[in-house]
Every structure is written in C-alpha cells, then in structure tokens.
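Q: So you can see what is in the structure, the chains are spelled out below.
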Amino acid sequence: MRTDASVSLSPGKRLLLLAALLVGLMGIFMTIGLNGNTAYILRHRGQILATMVLVGFASGISTLLFQTLTRNRILTPSVMGLESLFVLMQTLLIFALDVGGLSIFGSVGRFLAESALLVMFATLLYRWLLGGAGLDLHRVLLIGLVCGTLFRSISGLMQRLMEPGEFAVLQSRIFATFTRADADVLLISALVIMLVALVVWRLRHRLDVMALGPDRAIALGIHWQRHVTGLLLLISLLVAVSTALVGPMMFLGLLIVNLAYPLMGSWRHAHLLPGCVLIGIITLVGGQLILERLLDMAGTLSVVIEFSGGILFIYLLLRKGAK
Amino acid sequence: MKSFAFITGLALLLGLIVCSLFVGVSRVTLVSLWSDPEMREILMLSRFPRTAALLLAGSAMSVAGLIMQMLTQNRFVEPSVVGTTQSASLGLLLVMIVSPAAPIMLKMGVATLFALGGTALFMLLIQRIRMKSSLMVPLAGIMLGAVFSSVTTFLAMKFDLLQSLGGWESGDFSSVMQGRYELLWLVGAMTLLAAVIADRFTVAGMGRDFSVNVGLHYGRVMLIGMAIIAMISGVVIVVVGVLPFLGLIVPNIVSLALGDNLRRTVPWVALIGAILVIGCDVIGRLIIHPFEIPVSALLGVLGAIVFLVLIVRSKRHAH
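Chains R and C are the protein sequences, given in the same order.
In terms of the numbering used here, the first sequence opens at residue 34 and continues consecutively.
In terms of the numbering used here, the second sequence opens at residue 2 and continues consecutively.
Just chain R, with the same shape it has in the complex (with noise of 0.2 angstroms):
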C-alpha cells in the first residue's frame, strides 16, 4: 500500500485533526439556527446526532471489517445484500408474528430478535459464499448483488400478501431516514457497538495480518476459519444496528472506507479503525449540515449518498477493470 511521504503527516495526526473537524461540526450541527423552544430542539437534534454517530460507526467499521476479509475495495456488506436480507428478516418476522405478536416483544425484543436471525442466516450464507475456493470476485460480487435483489423482492412478495396495518409497521422501517430514532433502540445499538468495537479493537493486530490473505494469515499463525465466522458474525451485527436505526443505504459503507485508505495513507487497523468511524460520522454530519443548511433539501441525505457512492462504485469498477 502506498504511503504519501510528500504529505508527510503521521496517522496519528490525522486522526487528531479528523476528530477536530468531527467535533467542530457536530458543534455546529447542535447550535446552528438554534431559535424558539430550544430544549426541545436540542433533544431532538441530539436524538438525530446519536443516529449518525452509531450510524457512521457501524457502516464504517462492518465495511472496512469486510474488506479485510475479502481482500477487496469494491466488496461491502450491504452491496452483497446483508442489508437487504435484514430486511427480509424483519418482514418475516412480522409477517409471521403479526403486529400483536410483535408487540409483547417490544422495540428491544425485536431488534434482537431480527438480530439474531440475521446474524444465522447471514453467517451460514456468506461462510458459504466467501469461503468456497476459486470463486472469482466478480462472480462474488454479482451471486451477492443478485441475492440482495432476490431478498428484496421476496419481502416485496411478502407485503403484497400482508394486510395493511403490518405493512405500515414495516413500511415505516425500511426506508432510509435519520429522524425515527427510538429512544431504546438507540440505546441498545450504543451497547452492541460499543461491544463490537471493544472486540474488533482487540483484534485489530491480527486484522492487519487477516489483510494479507488467507495462504499468508495461516502461515502467520491465524486461525483462518474461526476468525472469518467471527468477523462475519461481528459484520451482521453491524448491519443490523444500521439498518435497524436508519435503513438500507447501499454505498455508504464503501464511500466512507474508499475516503478513509487514501485520507489516513496508513494500512494499519489501528489507524482505518478509528479513522473509518471519523470519516464515517463526518459524512454523515456534513452532509446532513450541507444539504439542510446550504443547499435548504432536508431529509435527503441517503438519496445523495446512493449517489455519489454508485457512481464511485462505477469509477473503481472502471479503473479496477483497467488494471
């Protein structure tokens, strides 16, 4: 990996100055046009801050989490369909249990619930998907796109069948928005992303080594299976905090680790780590800040990053091509 020596900036550094420039927006994210019932506003912001925070985290660390595994900048969790099958999971769920079973298990209960369900589904396919030898990336990548499709429509086949009530439940969670942050569920994403990262920093000494491939990693001393269906299982419990909070946003993940490799110019975990959950947060504050305050379009923030991301996604797809 290539390190910038004419910018000769540590990763240390970097890191300092990306979480000033966090800071000094989400100060300005808080105050800005601060007018009227200023107690209410604030909670309420503070409530769409969180989101972002846990957000930001999630996507940028299942992502770069991913890419380790796959030894590959285009791959992420939610363009090989995890996203998309939290989603089928979250129909099934309410498909099977209807909206009055759904109720005794309360906001919390279900998160899990889906969680857990994703987390076995996900990890038994992808074990299966990424483990197998001599598939080639594209194929990878094309069996995940297509599969991501194949979940949506069976959820789409699913809430034709559902009566109207279940599918204003489901309806009002898998479309991507910043502001339905429920006070629980945020609560509980804190706690499992807060586990996930105590994990995943721990590991982060051994991801450097998993980055090498799995013939080099075994021969370093890596338990190779055991720690893909770790990482795997850590992955989708990621996806599913974010997709939980705020929805299915394709590109996200893979335009904040696309950012954080060149922007950090370290290949260190120690350093994509942190700095993917920075970079993570500032796109999503910043961007929220751009699109409300400069260009007056709220709400839109997921749209603009589909966006960007795809049309990034066809930029590397282009030049990976070329090589």
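These are computed hints drawn from the structure, not numbers from a lab.
Any given hint could turn out to be false.
Okay, the calculated bits of chain R under chain C, using three or more residues with CB under 8 angstroms as the criterion [claimed, not checked]:
no., region
1, 183-189
2, 336-349
Here are the simulated distance ranges between beta carbons [what the hints assert, rightly or not]:
no., chain 1, residue 1, chain 2, residue 2, range
3, C, G167, R, N105, 53 to 63 angstroms
4, C, G10, R, D248, 44 to 54 angstroms
5, R, D248, C, L125, 32 to 42 angstroms
6, C, L13, R, L228, 53 to 63 angstroms
7, R, L322, C, V310, 42 to 52 angstroms
8, C, I289, R, H256, 29 to 39 angstroms
9, C, D161, R, L253, 54 to 64 angstroms
10, C, M124, R, N105, 23 to 33 angstroms
11, C, V313, R, R249, 20 to 30 angstroms
Beyond 10 angstroms from chain C on every Cβ pair, some chain R residues (computed) [unchecked claim]:
no., residue
12, R47
13, L51
14, G69
15, T101
Yeah, the Cβ is synthetic: ideal placement off N, Cα and C, and Gly gets one too.
Fit chain C to the supplied structure of chain R, relying on the hints for placement.
A: Just chain C now, with coordinates in the frame of chain R:
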C-alpha cells in the same frame, strides 16, 4: 419434432389465455357471457385488454432481452439489468414533474428517448472496460441502473411523487383497460420487426470485426437494435411498469435448448415470454383472491433465482 414442440407451446399459451380471460373478481363464465351483456362488457373492457397486454409486453420484453444479449455478446444482461428501464422511468418522472397533464404519447416518447440515452451510456461504459470479463458487463450495468434510480428517487421525493413512482414501477396489469394498453400493439410491431431482421442481429452478435468482414453495416445494426430495445422498454414501462428479469430468463432458457440462431429462436423467445408472464399473472391473481399480486413481484423472485443458477452454472463452462 421441433415444430411439434412449438405447437404444444402454442396450445399451452392458448390455455393460459383462456384462463386469463376467465379468472377474476366477477365470475365470467360461458353461460353468463351468453345471457348477461354486463359480463360481455367486462370481458371486452377489462379482461381482453389485460390478456392482450400481457401477451404483448411479455413477448416484447423477452425479445428485447435477446437482442441486447446479442449486441453486447453477453448472457447476463437485459434492459432492467443495465439501466435502460431505470433511465426510462427517470424520463417518465421528468415529464410528470414538468407537465403532469401531458398526453400519454408524449410521456412514452420521452421515456423512450431516455431509455435510448441510458442504453447508449451503458454501451459507452462497457467499451471503456478493457478487461471484458463476462461478469463485469452486468456489474457495471447494475451500478449504472442504481445511479439512475437514486436520481429518480431523489426527484420523486423532492416533488412528492414517490408514491406514484412506486405505482408505475410495480409492473402491474390490474389497471390495464380498454383505452390504456393500445400502445402496446406498437411494441408488438417492434417485436415482429426484430423477428424479420433477426439474422442481422445474429451476425452482429459474432462481433464487430466479423460483421464488417461479411459486409454488415455494423454501426447501423447496433443503432437499430438499441432503438428497438429502447422503444420496447419505454412503452412497456409507461403502460404496465417494470417486468424484472424477464428478458434474462427467457432468452437464456431458449438458447440452452436451441442455440443462438435468432431467426429460429425469436419465435420461441416470444412464445415462452408470453407464457411466463400470463402464467405469473394468473397465479398472482389466484394466490390471494380476490386481491392480486403484481407480476413483477413474482418475476423478481423467479428471475433472481434463475439468474443465480446461471451464474453458478457458468463457472463450470468458463475457461
């Protein structure tokens, strides 16, 4: 033997057409047709147009997929995979924003122009890909389609048309009635045209160098092919919506059985496309009777599964 199979297929289609005419909320039977003029009216105003629309759209989209696969020399593409359909719906949305009361001909024209533009962009894009792995082509197309869709969603949100957008795109024949489907006959004509000049597409499918060698006007054939694909996609999306994966499943199944001589395969592709769409529609109307599931939902599931099988299978044939 082959002609026997084709006749069997036609008979199956005919059976499905009869089913399609007689399945529905109000019970239309032969007896009631005889005695009840209201029933005759239902048949003529709603059932017959619907069945005709299914027939035309099903076979046309399948043939469009076939032509696209020939022109790109790639098995994994069809209009809804490479962004043609997505750009058509972007065009349709723009008309709705600029002049909501525009006549359907104008909507269709703009949608077709956008479909043409989207397809051309895709063609340019895949020419830039130097390492032309057969799987890169659909990947680039899917992404291009995603970019178009995000622009469409963005505009739809901004102008509060998200719901109507969902309505058009859902590939639903339930609103097809007399006076709302006739443009599809145009699509039928396009399909016939494609069948007539099929051997040129076969030659173009051998590649540019080969085509020029045997004296084919390669650029012109490409343009005609793209125009046919764009017209079919544009009209179908305005009249009935998206029929996902149809152009992918049917040509692949036919070419597995019959090879790649278009003159021979076009009738088969058209026939099986019609059978598939009418079949899915009848099933969709029966599952949750008296409500119905749109064809697109069933096709999406079926198509994705067939696509997956194709990708996994092609691994054995490659290299």
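Q: Can the region 336-349 of chain R be counted as covered by chain C under the rule of three residues or more with Cβ-Cβ separation shorter than 8 angstroms?
A: holds (count 8)
Q: Taking C-beta pairs only, is G69 of chain R more than 10 angstroms away from all of chain C?
A: 26 angstroms, holds
Q: According to the definition I'm using, a residue is off the interface if its beta carbon is farther than 10 angstroms from all beta carbons of the partner; does L51 of chain R meet that for chain C?
A: 27 angstroms, holds
Q: Is the distance from the Cβ of D248 of chain R to the Cβ of L125 of chain C consistent with 32 to 42 angstroms?
A: 39 angstroms, holds
Q: Does the Cβ-Cβ separation between I289 of chain C and H256 of chain R fall within 29 to 39 angstroms?
A: 50 angstroms, violated
Q: Three or more residues of the region 183-189 of chain R near chain C by CB distance under 8 angstroms?
A: This one holds; 5 residues, not fewer than the three required, reach chain C with a Cβ under 8 angstroms.
Q: So does G10 of chain C sit 44 to 54 angstroms from D248 of chain R, Cβ to Cβ?
A: 52 angstroms, holds
Q: Should the hint that G167 of chain C and N105 of chain R are 53 to 63 angstroms apart at their CB atoms be regarded as holding?
A: 34 angstroms, violated
Q: With respect to the beta-carbon atoms only, verify the hint that M124 of chain C and N105 of chain R lie 23 to 33 angstroms apart.
A: 27 angstroms, holds
Q: Determine whether the Cβ-Cβ distance between D161 of chain C and L253 of chain R falls within the hinted range of 54 to 64 angstroms.
A: At 57 angstroms between Cβs, range holds.
Q: Would you assess whether T101 of chain R, listed as outside the interface, keeps its beta-carbon beyond 10 angstroms of every beta-carbon in chain C?
A: Fine: 22 angstroms to the nearest Cβ keeps T101 of chain R off the interface.
Q: Is it true that the C-beta distance of L322 of chain R to V310 of chain C lies inside 42 to 52 angstroms, as the hint says?
A: Cβ of L322 of chain R to Cβ of V310 of chain C: about 47 angstroms, so the range 42 to 52 angstroms holds.
Figure legend: structure checked against the earlier numbered hints; hints not met, in rising order: 3 and 8.
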